[in-house]
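Dock chain Y against the given chain U, drawing on the hints supplied.
2 protein chains.
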Amino acid sequence: MTRFVDVHDMVRWIGRFGHEAIMSGMVEYLESDFKRWQSFEKSPRVASHTPFGVIELMPTSDADTYAFKYVNGHPSNPARGFQTVTAFGVLADVQNGYPVFLAEMTVLTALRTAATSAMVAKQLARPESTTMALIGTGSQSEFQSIAIRSATGINKLRIWDTDPDAMAKCERNLEPLNFEIYKASSAADAAAGADIVTTCTADKTNAQVLHKDAIRPGMHLNAIGGDCPGKTELDPDILDEATVFVEYTPQTRIEGEIQNKPADFAVTEFWQVLTGKAPGRTSETQVTIFDSVGFAIEDFSALRYLRDSVDGTEFFEEIDLVAHPDDPKDLFGFVGAYSPVGG
Amino acid sequence: MTRFVDVHDMVRWIGRFGHEAIMSGMVEYLESDFKRWQSFEKSPRVASHTPFGVIELMPTSDADTYAFKYVNGHPSNPARGFQTVTAFGVLADVQNGYPVFLAEMTVLTALRTAATSAMVAKQLARPESTTMALIGTGSQSEFQSIAIRSATGINKLRIWDTDPDAMAKCERNLEPLNFEIYKASSAADAAAGADIVTTCTADKTNAQVLHKDAIRPGMHLNAIGGDCPGKTELDPDILDEATVFVEYTPQTRIEGEIQNKPADFAVTEFWQVLTGKAPGRTSETQVTIFDSVGFAIEDFSALRYLRDSVDGTEFFEEIDLVAHPDDPKDLFGFVGAYSPVGG
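Quick note, the sequences are listed as chains U and Y, same order. In terms of the numbering used here, the first sequence is residues 873 to 1215. In terms of the numbering used here, the second sequence is residues 873 to 1215.
Think of the hints as simulated: they come from the structure by calculation, not from any bench. Even for Gly, the Cβ is constructed at its ideal location relative to N, Cα and C. All clues given are correct.
Heads up, incomplete: computed chain Y residues facing chain U, CB under 7 Å, no partners named: (1) 978; (2) 1014; (3) 1204.
Extracted from the complex, chain U is given alone in its bound form:
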């Protein structure tokens, strides 16, 4: 049988363990998987683009476990009452190819994207950082805030969104969690005085939600909303005076902020920082950018964490996804045993 964590299980799991504990646990799994980056089979995700949006499959594998995520991105969905991003994912056993774990990943992707930002901010932000900014207060915003606070202790939050309702929603959700929140009047206002600036907007355009003059020495930028060809968030000039860190270079060249730069624009893969193969932040005035597009290994880590965490709990059910005939060569007999064959 295949274990299945549905939406209801997922929210009960979060309720039981709490966002911050889950983010911390997930960061540990992410770090452990990023440190063994070279043991994974990696490929750019497989994307199906339409005028409405994109549907992607994101596979990766180590020697024991195969994982993939199905995820869509449809920027016009919220206006029609749907979410921009929904997802689900699967873990399979490499040795026999059987799918062993299925989970909703709409919520889990929000957690893993935030946990990834937190893992990176912990390494690249200035240790004395006290304030973070959020440009874009959609579905990701609260998760990002909690994850970064969990990793860095930062409690001061400056938020901005073109949609006042989205800002009010973010404030309403985060205020009870003891964030000190400032509602900014523009993206530049939000960024002013922030040590860590997260851009998480959803427009499917080459937007510039943050201009070069909003950048201050020593900032760490966490650019997560630019994640498709033709979908970026930053004034490209910002990249020229910063050090850019990515997940998986071939994918980020297609989908990240650096799609607006020449193919030889210098980047550092973050796993190299974690393993000491490349420097992270090297000065107090350096601007660091995590040009994040989301990579399959992060989903692998998140699914692995979820699988381990729900083991022994009631937060999953077993589903009958794989036929298991007594004689593996007798699939036909297996079908017939349940149902007399007729013409």
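Below, chain Y alone, put in the same frame as chain U:
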């Protein structure tokens, strides 16, 4: 909610409607989709190869519906009590990216592979064909026999497998269905006198289960077991004196029998035959080969047929795969509404 057809639903569905009716219905869906071949987004499947086997994702899409299948192929599985191939698949709505239908496809793949063979045999085999041969009597064999009979009326069956137990199993399953079965002493013996020869073996090697001297003028070969790089079934010389039909040329050059031939080896895509853009069989003595590797559009057709066929029946359940917050931008609030957020 997402509709889910599990293994139990699948076997009850087959029991209700019967293999032959289902194969016929599926052939209609396949033909309708092959005829509009050019309206699909097509790409070679994404394969993860290990020493144990392969795990593949097979996506395709038309303007309305996206489909993908997860499928493994592990030749050493049966010796360990597992099936060589297991699969599941998903249909999604292109307009909003939401997954709307999930189904087991271990059984459904067997049905769709057989229905595809039947669709092709109906076009390419000589109309006066009376006898078919099966080289390899594993999981696919009974489905192939029933599908081809359903499409051509052929009832005489010559079978061969290196595993006597697999032959006995095939005979045991098919005899009650009124096939006239001859158990051959070799692959060549099985092919002798057959008008349609189906090879469906599972070795992960460049095997030659059928040699050139077993081929007779006018034969139609249905080569379905060669479906991975380094996994072929036919003596390559057979191809030189035959007309070769494929599903999707770029994928078949990598995975089909023609991987043993130069990259410019002439082939015809089968959809062209169906639409009249290319000739099928042009003489009574011509040898035709369907170098089948399985293509995503076939899974699209099979899933679409299943979805339509189970609609209004009890052969599916609804699962909670996609979170649906009242405010699509408030995923965090959705989680919190079910579970007080804690540290």
